Every structure is written in structure tokens, then in C-alpha cells.
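Taken in sequence, the protein lines are chains A and B.
Numbering of the first sequence is given in this note's numbering, commencing with residue 3 and proceeding in unit increments.
Numbering of the second sequence is given in this note's numbering, commencing with residue 4 and proceeding in unit increments.
Hints may contain errors.
What the hints assert, rightly or not - Just a few of them, taken from the derived set where beta-carbon distance is under 8 Å, the chain B residues facing chain A:
1) 24
2) 60
3) 65
4) 66
5) 70
6) 82
7) 84
8) 87
9) 89
Because the hints were derived from the structure by calculation, they are not lab data.
From a predicted model like this one, the values you see are computed outputs, not experimental measurements.
Built from N, CA and C at the ideal position, the CB exists for glycine as well.
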Amino acid sequence: MNKIFKRNIGSLDEIFDFIAEFLTAYRINDQVSFQLKLIVEELFTNTIKYQPSSKKDISIGLEKADNRIIIRIVDSDVEPFDITRTAGVDVNKPLGEKRAGGLGIHLVKYLVDNIDYTYKDRQSTITLTKILEQKDV
Amino acid sequence: MFDIILRSKTEILLKGRLDASQAEKAKETFVKVAETCVVDFQDLEYISSAGMGILLMTQKRLSEKGNSLKFINVNKHIRDIFRYAGFDRIFEII
Chain A
3 MNKIFKRNIG
13 SLDEIFDFIA
23 EFLTAYRIND
33 QVSFQLKLIV
43 EELFTNTIKY
53 QPSSKKDISI
63 GLEKADNRII
73 IRIVDSDVEP
83 FDITRTAGVD
93 VNKPLGEKRA
103 GGLGIHLVKY
113 LVDNIDYTYK
123 DRQSTITLTK
133 ILEQKDV
Chain B
4 MFDIILRSKT
14 EILLKGRLDA
24 SQAEKAKETF
34 VKVAETCVVD
44 FQDLEYISSA
54 GMGILLMTQK
64 RLSEKGNSLK
74 FINVNKHIRD
84 IFRYAGFDRI
94 FEII
């Protein structure tokens, strides 16, 4: 499944509907459903936040292949932003030193099994793979 | 659909889906909290980092005067995400 979304935070309702359609089609369990919503939201909002100059719509793809879910976000007319190279968040820091920034990407990295990033002709493509266990479907 | 209800000065109820598009609405209520407050997650289905950031900033502000947020009725999925984010070390999750 693939769908194009307007580049603004108001697209989130439509994105959640799109994810729900995918989850229903493949009977994914509640835990992975929650995680998939989080992964897609964090990447979408991250793109809007860090690529404000682009006016292009954003493509989100969801695919199930064997025991894997593949999530693909394609963002055009943007500068490179390789999330695989972003600094990690130290979740063990004491409260006084904690910052909210970077938490979303930290969670995405925690929840998926692989992240691939490519950049060509001012287009970023992030491909994430989440491996499902038997209990997840 | 997200809703936040300030039941009293020390009790907040969260409902629905707290995603990035609803974070500002949540923030408007949390900035009013000035003392130790119980946050009831009974009817909250989902939260992302935008909402978690508001909880974190509120906890930091309250802790300066010895107060805190305490979470009750947190579902398993949200509890897992809180653990991945290290929230179980800085919030009391009952």
C-alpha cells in the first residue's frame, strides 16, 4: 500500500486511517499496531520539522512480506537527513539533563530491526524493516 | 480524537490519541499544573514523542519545587514505550 500525504501536521488523521487499513488487512496485533503508528508518525513529523523549505507531498508505503513489515517514506526536494547517523539519546540521564529533542528517532530506532537511507536527486528515501514474531499476526 | 480534562488542580484525565497534532492542546493544560498531580491514562490509547516531551518538560518544571507527575492506569503498550524512553526512571508509574 502506498499513499501521498500533504506536508503538514493536519495529515496525521489521514495517515492513521491509512495505517489502520493496513493493520486490518494483515491482522497485525495491538502491540505492533501501536508501534507501527508511532514509527510512521515520528518519521513524518520529523520530516516536516527538519525539511521546512520543501513544498512537496510525502509518500508513505507499507508492505508486508513474509514475517516482515516494510515502511518506506519518500520525501522530495529536500536536503539530506540521514536518521541512521543521528546521535543517540541517553535515556539514563537524570531528569535535570534530559531534553525532549531526539526522543522520537530514538524510539523509531528501538522499534525497528533495520533502517536504510538513500539520497538521490534531492529525494530522501527511508526504508525501515520490522520483523514480526508469530504472536504479532 | 484527543481530549484532556483537568479534573482538579491535582488530577488530569487523558483520552484518545495524543499525537503531534494534539500536543499543543495538551500543553495548554499541563502548563497550568503547579503541584504534584496524578495523570490518569485510563482512556488514552496512544501517545508519541510530542506528548511525551510535554510530560517530560512538566516533570522538570515541577521537580524544581519538589513536585511531580504520577501516572495511573497506563496500558501495556504505552508502558512499554515509556520504558524504552527511560520514563520509568523519572516518573512514578502506578
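List, from low to high, the hint numbers that the structure doesn't satisfy. 3, 5 and 6
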